[in-house]
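**Student:** This is what each chain is made of:
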Amino acid sequence: MASHAVDAAASGESPTLLLIRRSDAALAAALRQRYRVLDSFASGEPLPAFLAAAAAAAAPDPPRAAVIVSSSVVRVDAALLDAFPSLRCVVNTGAGVEHVDLGECARRGVAVANSGAVYSVDVADHAVGLLVAVLRRVSEAERFVRRGLWPVQGDYPLGSKLGGKRVGIIGMGRIGSLIATRLQAFGCVIYYNSRRPKDSVSYKYFPHVLDLATESDVLIVACALNKETRHIVNKDILDALGKDGIIINIGRGAHIDEAELVRALNDGRTAGAGLDVFENEPEVSAELLSMNNVVLTHHMAVFTLESKSDMCDHTIANLEAFFSGKPLLTPVLPK
Amino acid sequence: MPPPALEPAASGDKPLVLLAQPLFPEFAAALKGRYRFVLAADADAAEAAEARVLLVPGLKTVTAEHLDRLPALGLVAATSVGVDHVDLDACRHRGLAVTNAGEAFAADSADYGVGLVLAVMRRVAAADSYVRRGRWATDGDYPLTTKVSGKRVGIVGLGRIGSLVARRLAAFGCAVSYHSRSPKPSAPYRFVATARELAADSDVLVLSCALTEETRRMVNREVLEALGGGGVLVNVGRGGLVDEPELVRCLREGVIAGAGLDVYENEPHVPPELVDMDNVVLSDHRAVLTPESIRGALDMVAGNLDAFFAGRPLLSPVTL
Chain A
578 MASHAVDAAA
588 SGESPTLLLI
598 RRSDAALAAA
608 LRQRYRVLDS
618 FASGEPLPAF
628 LAAAAAAAAP
638 DPPRAAVIVS
648 SSVVRVDAAL
658 LDAFPSLRCV
668 VNTGAGVEHV
678 DLGECARRGV
688 AVANSGAVYS
698 VDVADHAVGL
708 LVAVLRRVSE
718 AERFVRRGLW
728 PVQGDYPLGS
738 KLGGKRVGII
748 GMGRIGSLIA
758 TRLQAFGCVI
768 YYNSRRPKDS
778 VSYKYFPHVL
788 DLATESDVLI
798 VACALNKETR
808 HIVNKDILDA
818 LGKDGIIINI
828 GRGAHIDEAE
838 LVRALNDGRT
848 AGAGLDVFEN
858 EPEVSAELLS
868 MNNVVLTHHM
878 AVFTLESKSD
888 MCDHTIANLE
898 AFFSGKPLLT
908 PVLPK
Chain B
609 MPPPALEPAA
619 SGDKPLVLLA
629 QPLFPEFAAA
639 LKGRYRFVLA
649 ADADAAEAAE
659 ARVLLVPGLK
669 TVTAEHLDRL
679 PALGLVAATS
689 VGVDHVDLDA
699 CRHRGLAVTN
709 AGEAFAADSA
719 DYGVGLVLAV
729 MRRVAAADSY
739 VRRGRWATDG
749 DYPLTTKVSG
759 KRVGIVGLGR
769 IGSLVARRLA
779 AFGCAVSYHS
789 RSPKPSAPYR
799 FVATARELAA
809 DSDVLVLSCA
819 LTEETRRMVN
829 REVLEALGGG
839 GVLVNVGRGG
849 LVDEPELVRC
859 LREGVIAGAG
869 LDVYENEPHV
879 PPELVDMDNV
889 VLSDHRAVLT
899 PESIRGALDM
909 VAGNLDAFFA
919 GRPLLSPVTL
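For the record, the sequence lines run as chains A and B. So for the first sequence, our numbering puts the first residue at 578; every next one is plus one. So for the second sequence, our numbering puts the first residue at 609; every next one is plus one.
Keep in mind that the hints were calculated from the coordinates and are not lab data. In this text the structure is predicted, and so the values were computed from the model without any measurement. Some clues are possibly wrong.
Going by beta-carbon spacing under 7 Å, a handful of chain B positions derived as facing chain A [to be verified]:
1. Ala672
2. Leu675
3. Ala715
4. Asp716
5. Ala745
6. Phe780
7. Thr898
Quick list of in silico lysine-lysine cross-link-like pairs, DSS-like style, CA-CA up to 30 Å [to be verified]:
8. B:Lys640 / A:Lys738
9. A:Lys738 / B:Lys668
10. A:Lys781 / A:Lys812
Ideal Cβ placement from N, Cα and C applies to all residues, glycine included.
Just chain A, with the same shape it has in the complex (with noise of 0.2 Å):
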């Protein structure tokens, strides 16, 4: 991106770029380098006015493309592409693209595009952490050797043993996929279940999920959200899981019934989980706080220091095959 280097917004010749954001200070100023940018965040006011003020000061040169920060809670809908007709891109920095209607951009020929594989391999690693964290009680061996407990209590409860667990993936795109292959290297024995078979994977498929959970000891969602996946972890599927399944989520919260969940931790109907995802973040019900055999996360899994530099060269990459008129590199279509 040398063409870029000097910062193009004083060169008057750089496209018009809407920013909304709520953090990501290095990618906003990496963009400032390249385009001239609208800045949610920088602007101080709340979104709505912003949008306002942004959409008025659009000339002479009126947004072409978006950047939406994930994190940022702003739907592209009709509304937002009606105060910016000028928009033809919008791209998500993150893999979820819930609060995009894709029908609607594609309507008003609007490419969207999002973060493709940027921060599959965390996503994975950190799936593959929560869950040996969960089996092999590493959190709590912290909390016990922190508070002061070896010396007085002698050795605590044992974990279970990797090898051999049969893992039920939901979702075998990339990070499902990146996830068996590093369970495997445990052991572990991979199931899965997708809308359809993969021809690329030799895991045992089970086309519905219910089937997958009854002969799973562990499942890990792993798949996007939408309406058909909505608390697709619900009592039927803990039930047939059982009382020694363990649950991992790295999707979204909405994918699993967390009260249920809850419910079923309580009563020792499932027997942990490893959760990086909740329903109304950033609450946790208080009973998961307290319990041993969970361990929470605080919605990081994407959140290293590669990915961070990662993402920020992947929008550049996607706004720069837009503004050259080449297709975007990982864009996103209504299903």
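We have chain A already, so just place chain B on it with the hints.
**Tutor:** Frame of chain A; chain B shown alone:
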């Protein structure tokens, strides 16, 4: 149960086995009725003179003096993998056989080692603590963590445990190198001649070798400095492999980025400075401990005892 092949049964059918300390309940239950167990400290003169086997549950220290009291001894059987708690020189001089738990604990130790790598680099345990203390809703930014996949991994000791650690981390796309006493030609990883060079070339250094006079405090200031500011140390070997006070200093000073420790120089004592650090993951020497591996260790112990008394080759002899 076959009668002892080499000696007439001195008292009853069951061979006498002295215990360095009481057996774990699971072991006691499983071995009940097969051997006559007597605590070494309680053995009378006749039993001490007769005993051919000393079984060492856990990590009870066995010295040359202990061994000297047992003139008929032929086998020291450990329930662990590491045998640094046994005076191996004395065993060698006496011509004693020593057995350990063999492969029984290898997979679980390797799994835990990799779990510690993930827990340190991706801050899984620290984040769990953050959430439990209710800080997610109130606090702002949390530090970015460090990607694990694709990092350079250095393994010290490519035995049973080290090779399983290697295989697991290779599945994360990590480049694996190793240091051991001698290269393993069949291992598909790069051999490095010294621990210091290995540390210099690694983002993560995993210790899974035996504790011997040569390896004691092998991870010293020089090695830690070579590992460097972005580097992470994970120890599922023995605490004695690391200069522990130096490690604490290096963590405090940011000489290395973090550590995952299952073992310490003076268990169950954990240096108090570590308890305040959130870039370390601490565990209570549990890497081996799953019910399945304990059963596996039990099978190994029973198998070694049976083999010894039947005059058959031992299952998991330790080279002295």
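**Student:** Compare the structure with each hint and give your call.
**Tutor:** Against the structure, the hints:
{"no.": "1", "hint": "Ala672", "result": "violated, 29 Å"}
{"no.": "2", "hint": "Leu675", "result": "violated, 28 Å"}
{"no.": "3", "hint": "Ala715", "result": "holds, 5 Å"}
{"no.": "4", "hint": "Asp716", "result": "holds, 6 Å"}
{"no.": "5", "hint": "Ala745", "result": "holds, 4 Å"}
{"no.": "6", "hint": "Phe780", "result": "holds, 6 Å"}
{"no.": "7", "hint": "Thr898", "result": "holds, 4 Å"}
{"no.": "8", "hint": "B:Lys640 / A:Lys738", "result": "holds, 26 Å"}
{"no.": "9", "hint": "A:Lys738 / B:Lys668", "result": "holds, 26 Å"}
{"no.": "10", "hint": "A:Lys781 / A:Lys812", "result": "holds, 24 Å"}
Going through the hint list in order, the structure does not satisfy hints 1, 2.
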